[in-house]
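There are 2 protein chains.
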Amino acid sequence: MAEKHVYRFGFDQDGNNVSEVAGATVDEAKWITGGKGANLAEMAALGLPVPSGFTITCQTCVAYSNAGNVWPEGVLDEIDEYRKDLEDRMGKKLGDADDRSGAPFSMPGMMDTVLNLGLNDDSVQGLIKQTDNPRFAYDSYRRFVQMFSSVVMGVSGQLFEDAISAKKAEKGVKLDTELDADDLKDLVATFKQIFADNVDVAKYPEVEVDGKAVFPHDPILQLRLAEQAVFGSWNTERAILYRKQNKIDDSLGTAVNVQVMAFGNKGNTSATGVAFTRNPADGTNERYGDFLVNAQGEDVVAGIRNTEPIADLPQVPGLEDAGNELFHVFEILEDHYADMMDLEFTIEQGKLYMLQTRVGKRTALSALKVAIQMYEEGRITKEQAVMRVAPEQLDQLLHPQFDAADIKGREVVAKGLNASPGAAVGAVVFSSEDAVAYAAEGKQCILVRWETTPDDLPGMDAADGILTSHGGKTSHAAVIARGMGEPCVCGVEALQIDAPNKVCTIAGTDIALHEGDVISIDGTTGNVYLGEAKLVRPELGGDLQTILEWADEIRFNEDRGRVMGVRANADNPDDAQLSRDNGAVGIGLCRTEHMFLGERKYLIQNFILADDPAVKADALAKLGEAQKGDFLGMFKAMEGLPVIVRLLDPPLHEFLDSPRELEVEIAKLEAASKALEAAASVDDSLTQVNEELETAIAVKAALLKQLDSFQEANPMLGTRGCRLGFLYPELNHMQFKAIASAAAELIKEGVDAKPEIMIPLVAFSEELKHLRRMCEADIAAVEAEYGVKLEIPIGTMIELPRAAITADHIAKYADFYSFGTNDLTQTCLGFSRDDVESSFLDTYMNEKLIKTNPFATLDRGVARLVQMGVEGGKSTNPNLTCGVCGETGGDPDSIQKYYDLGLDYVSCSPFRVPIARLAAAQAKINSNGGAQTVAPRV
Amino acid sequence: MAEKHVYRFGFDQDGNNVSEVAGATVDEAKWITGGKGANLAEMAALGLPVPSGFTITCQTCVAYSNAGNVWPEGVLDEIDEYRKDLEDRMGKKLGDADDRSGAPFSMPGMMDTVLNLGLNDDSVQGLIKQTDNPRFAYDSYRRFVQMFSSVVMGVSGQLFEDAISAKKAEKGVKLDTELDADDLKDLVATFKQIFADNVDVAKYPEVEVDGKAVFPHDPILQLRLAEQAVFGSWNTERAILYRKQNKIDDSLGTAVNVQVMAFGNKGNTSATGVAFTRNPADGTNERYGDFLVNAQGEDVVAGIRNTEPIADLPQVPGLEDAGNELFHVFEILEDHYADMMDLEFTIEQGKLYMLQTRVGKRTALSALKVAIQMYEEGRITKEQAVMRVAPEQLDQLLHPQFDAADIKGREVVAKGLNASPGAAVGAVVFSSEDAVAYAAEGKQCILVRWETTPDDLPGMDAADGILTSHGGKTSHAAVIARGMGEPCVCGVEALQIDAPNKVCTIAGTDIALHEGDVISIDGTTGNVYLGEAKLVRPELGGDLQTILEWADEIRFNEDRGRVMGVRANADNPDDAQLSRDNGAVGIGLCRTEHMFLGERKYLIQNFILADDPAVKADALAKLGEAQKGDFLGMFKAMEGLPVIVRLLDPPLHEFLDSPRELEVEIAKLEAASKALEAAASVDDSLTQVNEELETAIAVKAALLKQLDSFQEANPMLGTRGCRLGFLYPELNHMQFKAIASAAAELIKEGVDAKPEIMIPLVAFSEELKHLRRMCEADIAAVEAEYGVKLEIPIGTMIELPRAAITADHIAKYADFYSFGTNDLTQTCLGFSRDDVESSFLDTYMNEKLIKTNPFATLDRGVARLVQMGVEGGKSTNPNLTCGVCGETGGDPDSIQKYYDLGLDYVSCSPFRVPIARLAAAQAKINSNGGAQTVAPRV
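So the protein sequences, as listed, match chains Z and E. Quick note on numbering: this note's numbering labels position 34 of the first sequence as 34, and the sequence is numbered without any gaps. Quick note on numbering: this note's numbering labels position 465 of the second sequence as 465, and the sequence is numbered without any gaps.
Chain Z on its own, in the form it takes in the complex (with noise of 0.2 Å):
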């Protein structure tokens, strides 16, 4: 059968539907009809006053520019069949007929409409005689000439909107409504010079005469250049950009609808509006929307009138029983749909037509709160309420936001990439340290940061809000910020910091921030304001608990599926308490590397560094008591949760000092060695000073040695993860044992502590055998000191790629993997995740080359080697745990991947944890069937 490139929708002459349906749901039909066609099919399915008409097929579109804008062979003939199909089943010719676009894709104000097609000299006296109206067909012609003249020959829309003012000047009026009829006849007249004036022939020699452009009259030539022009938008910078920020494949096309025109401008009794069924903002059971009497589809939007609110429809005299019949409508939309739906309706001369429905877009305060609704309703399951919450969603309900009103008169004076989401408000500071004292004080700060490393640590903790000059959204201020749950806002080029002098200007402004100045972030903007914002939590109420414990329901209901669960990943007691008031079911991953900063940062230097043997067991052993005290808290705070805690993994030298700073530190001071022995020939007493500096440039020196050659050229390929207890055992050693005799400590006292002891970036079986038996020698060594039995399970970090190759050997000397996709990314892909946002990211995403950020979303390639690693490592040991740690680990895309590769948990920040738990059930229903609807009624 040949491909049909046309589908009918609406009535015959005689009011029966006579759509010919695309698919066998309206789901199906919209991937062919686009979702406006689809659902006008439907909707005259169900009886509803649907103006008449026919869909070209998203398919034909995708023919159209794949073939440089040309008609696939035979659809133009099939387009006029049913042209003329429509202009019989309404008994009259074009010239009364509209032209709108629709996409499978719900994509509001993105593909453009023109209204009142078919309009020429000679069909407007045929509209003045039919309504005996001449303004109404002027105000109509008119419209279409300049929505003709913009939209499908792409003549600026300034060029019209000038004119009117000029009209108005001239007449003296400031309304466009006080035009009259032969204002309005002129401009069609000044319109039609405009469109000969800017319209390019060579471009469009359909339009073409005698050298010059002229306004085409046949309505058949209109049409045709109109469905041109809608094809035509998909592949405008617009349209790509739109489709690029929502994922749209650019693959899936437009179709383009003709349906008979609704006049909502023919006197008082006709009107237009846009509706939702219930509240969009708050999800409250109300009809919400607006409307202007008189009026055609673009003036609600464009603003020029003040609506009306839908609710006073019905009160319009005139338009009592269309309004009724509105609302009616509402409850057969909803009944069928079993959703809160968005419309679009005209109403002509007291009667309704609906140009179009589609499940309504809502904030997630009021996506939770109408999915609990419809289940109370009995309208859907709880599956499906669970379904009809989008998890990235939550994160608007999770952090703290600036009151909408106060924000919006406030300039913004700086823009950066919105890292963190959340709105924080505190004085600047520029180090890790005043953010320390400022918190010491109880006084709210923002760090302000050229980019953040981990000393920075205990400062951004500190802080309330993070802002740097440089780095991308997976800069190490973005990434950690996230992980706390902290507002980021990163990259601010405009920031000129001097954090010596504790003082940043904004480029362009002659703005200067002093430490102590107040400002205003936005992490879910970028923005940055003066001042004190108003914040809001916005409120809760209990429907994301609902929300949350239902997705748990079928989450942990072994019948219904492989069970996933959610865990999270903390390094202190804090973190872990929020992470189980969160519902995270564990510990994923503790990094021990952030129990070794702020004040215990020169305990670990002198491990590194110190040539004293005493010395070094000293540090060593006052780090291990540090460190059993941060799992004598975790531990306790997960009692009866497993927690996962990972050896020390960065190479040594994040620990240690720039060489760099150094080297440059002692050129200054050799210099002034120098300057000092020319003054110490005059003045004697110098010669002491210069000798002690002298000592001190040597000490110096000695010092940037040691440094240097901890330095690599690719610390991430470096010596690091499990490569550092071969080359410092008693590492090894003093976290096996702070580890175990924690958990002894507390077993002791009744506390079921659950450690487990992660070994990272294996990528030998041979690493993971010797370090497992290290381990269990120590473990049993503090059984016999507590004379207590421990169960530690130990496992390792999969995050190499040999690792996932060799999953099936690894696996034997492993209770558990956790995939850290972090630098399974890294690896796979040659992308270094330090560097990759200020180099060809971005460059990347623009060319297509790549649909994601592969850090933040599971990479096709990097889930094969998951893949890899469970299947070989469950092979040889069925046993075993899998689960994901890395960014991707709290990213619902990627949870769907996970669930479908058989991961066990995934584990993520602990702010995130909300929003896995949700994906983690959408992933459980989609890989298990789909949602279960509400039974049919007996």
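Rather than coming from a laboratory, the hints here were simulated on the basis of the structure. Careful: at least some of the hints might be erroneous.
Where chain Z lies over chain E, by a calculated footprint (3+ residues, C-beta under 8 Å) [what the hints assert, rightly or not]:
(1) 229 to 235
(2) 705 to 715
(3) 723 to 731
(4) 763 to 772
(5) 828 to 835
(6) 857 to 865
Owing to the predicted nature of the structure, the values given are computational and were not obtained by experimental measurement. By construction, the Cβ of each residue, glycine as well, lies at the ideal position given by its N, Cα and C atoms.
Once you've looked at the hints, dock chain E against the given chain Z.
Below, chain E alone, put in the same frame as chain Z:
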């Protein structure tokens, strides 16, 4: 059937061979009874005069070792049976037995031997009676006590040597042979006392009598302790180290051979010796070896007395028959083994005994000659001849060496890693520029550097050898030197280099080398000598050529199996010519970044750093011209053969100066400026100077900012490879056009230029799709310009795990794949090649976490990626050519794997091409049923 632990060899009382054969062939048997035991049984089967005995298997050794040096159940009984059987066969009791060891791998000097076992105060009397030669008997006895004490009981051998020296001093004689029977009898007593004083009875309770150690008189106990010592020796440090160096698996174990003693010290018709059936040094078909009259085996090796050449043996009175019989044995052995054999023999009172034979170790020169001779003699086929030469050995022949006699007398003043084989002599220079200057004047030089960088390439090329104080065998210097075939000694820690002052010193000596001082370095041994050592280029004759021709004959024979080509990595016309001369059938990798160095470096710097677009464009145009010139030379040199040109690969900062150095320089200038400022307040004229200085500082500060903007935390995972082409498309266009226009120009001249273009570091198929399109457009433009048709295949490096994993997708846009195993190993294992040598690799090798350096020999995980790449690629593009161009492409072990993985070619350094040709032929033979043997005579 219970496991058999002991095998019999030798003869019964009637002289019939009663050996128990442990395998179908001697090669099979040696895995059970060890190399020595298997060959003893084999010789017995040939009717050769082997002293009878039995062998305890290697598997017994492993079981003994694994059980913590405890005998497996029943084995002691089994051994006892065989001992009794041997006593029965000989018609005499233990007391004449001898105990020797062997392993499946011949380990000369590694496993310990105990002669004369069974002697005690009683049996020595028997020996005297039997021989009427008390001196012989006591000589044997004192040898036994000495050997047993040191080898079996671990007493320091020096104590016995000291006692002998004392005895000689007491007697006023110089030679051992001058001691008479009484002296030797005294020594036996002294030796027993040394035993008593030095053996720890806690460790050896078997020899305890009344709390003291007493030399064991019981022959059965002697035997048991000796057997345990041999098995125990498998795990001595020396043996472990040897196995590590020779890649011998620890799980093989060693066998113990117990055989009847043949005395070579029974007077002047007795003798002992070692021999080869041909000359192992140069392959001449002559008898080769030494003997000693009236001596035991260890005397020959110890060098106490001067040995006689084996050819003279039949001339010695009383040894005529045994000598002629020995030469007849040579022929029997060569006929049987069809190889040059190494053997040990003893003549006891005119009767010949064969103690050992094995395939003789030989130099490369000898290996070639013997293989060819054996073929010509009809003993082996060409395939066997090709299998007889170890590819790695050829390296000896391909580089100049020091004259052995000359170098023997020279002091090794420093020692480093033998990073690139061959010897070199030249004047010391400390910079690349100086090396180039020396070379320009025709002077030989050695480039001495802390470490080399890509900056040093011109100097490395100009120098005759390279010496560095840092870096390992895979450091930049080592890799590049091997690529250049230039001798290199790396990581000489004693070297203290002061490059600015052009001097270096050697720690622990008072040697200071100034520029121009002549030194000699040996990249084969890592030795450094002062002055000019004599260089020789070994005489190759045509043997190498012959074997390589045979190898190629096999390699290109399609009936014999799949053909795998050998190409070379070369970046300039000279290397291309050398590659061709060495038998390469194409260039597998031309690294274009090597064309950006030396005088051209400022051009690429201008391109990167210049703000002025005109300067940028000009730099690019000049680079294009220069590259085109290089390509013309290379394509011409390789006429008719493919030349794969890789686009620019390294991150751009590799072409830029170090920001750290610049920052230090700025700090110094700022200090100078500050000083000047102070001085200017006194001397006004200095103000001008200081202003100029400040300007210079500002310029440098701006440059520093630029340099920093190109820095990356992890350059290997950064902005490099094809990623550059998306950020700087003009670089790609320049290179595409330079390649295509060079080819076009040559084709017009009638030269068959065959370039192929390789896109590096592809991770996503979309990258290759885009760049291929770009490249094709540029080629088309060149075709139009020159009016010629170009056929330039376009392919990619597979050097990231993701590329290998998604090879099926990428292959849709690739004509060929070249596996870049250097990068693939880095990312698969998470090892940085730039760092790994100086960090944990050594530890890993020592701890046996890994067996070989994964950058030198293909790692198993990486091999799996290569397999995925080949299979995936060919699944969607059956015409895809697959090769490898990493370091491993020239490694024989890896070449075997590449053959089995189905690669179409390997590419390596031009100097390794002969090695790779031979290795590839051997791989083909191995993977296709093994070498054909000589047809049995009809």
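Here's how the hints hold up against the structure:
1. Three residues within the 8 Å Cβ limit are the bar, and the stretch 229 to 235 of chain E against chain Z gives 0, so the coverage statement is violated.
2. Note: the stretch 705 to 715 of chain E has 4 residues with beta-carbon separation from chain Z under 8 Å; the three-residue rule is met and the coverage holds.
3. Coverage of the stretch 723 to 731 of chain E by chain Z holds [criterion: at least 3 residues with CB-CB distance below 8 Å; count 3].
4. Closer than 8 Å: that is the beta-carbon criterion, and the stretch 763 to 772 of chain E has 5 residues meeting it against chain Z, so the requirement of 3 holds.
5. Under the rule that three or more residues need a Cβ within less than 8 Å of chain Z, the assignment of the stretch 828 to 835 of chain E holds, with 7 such residues.
6. Residue count for the stretch 857 to 865 of chain E with a Cβ under 8 Å from a Cβ of chain Z: 6. That meets the three needed, and the coverage hint holds.
Going down the numbered hints, you'll see the structure goes against just number 1.
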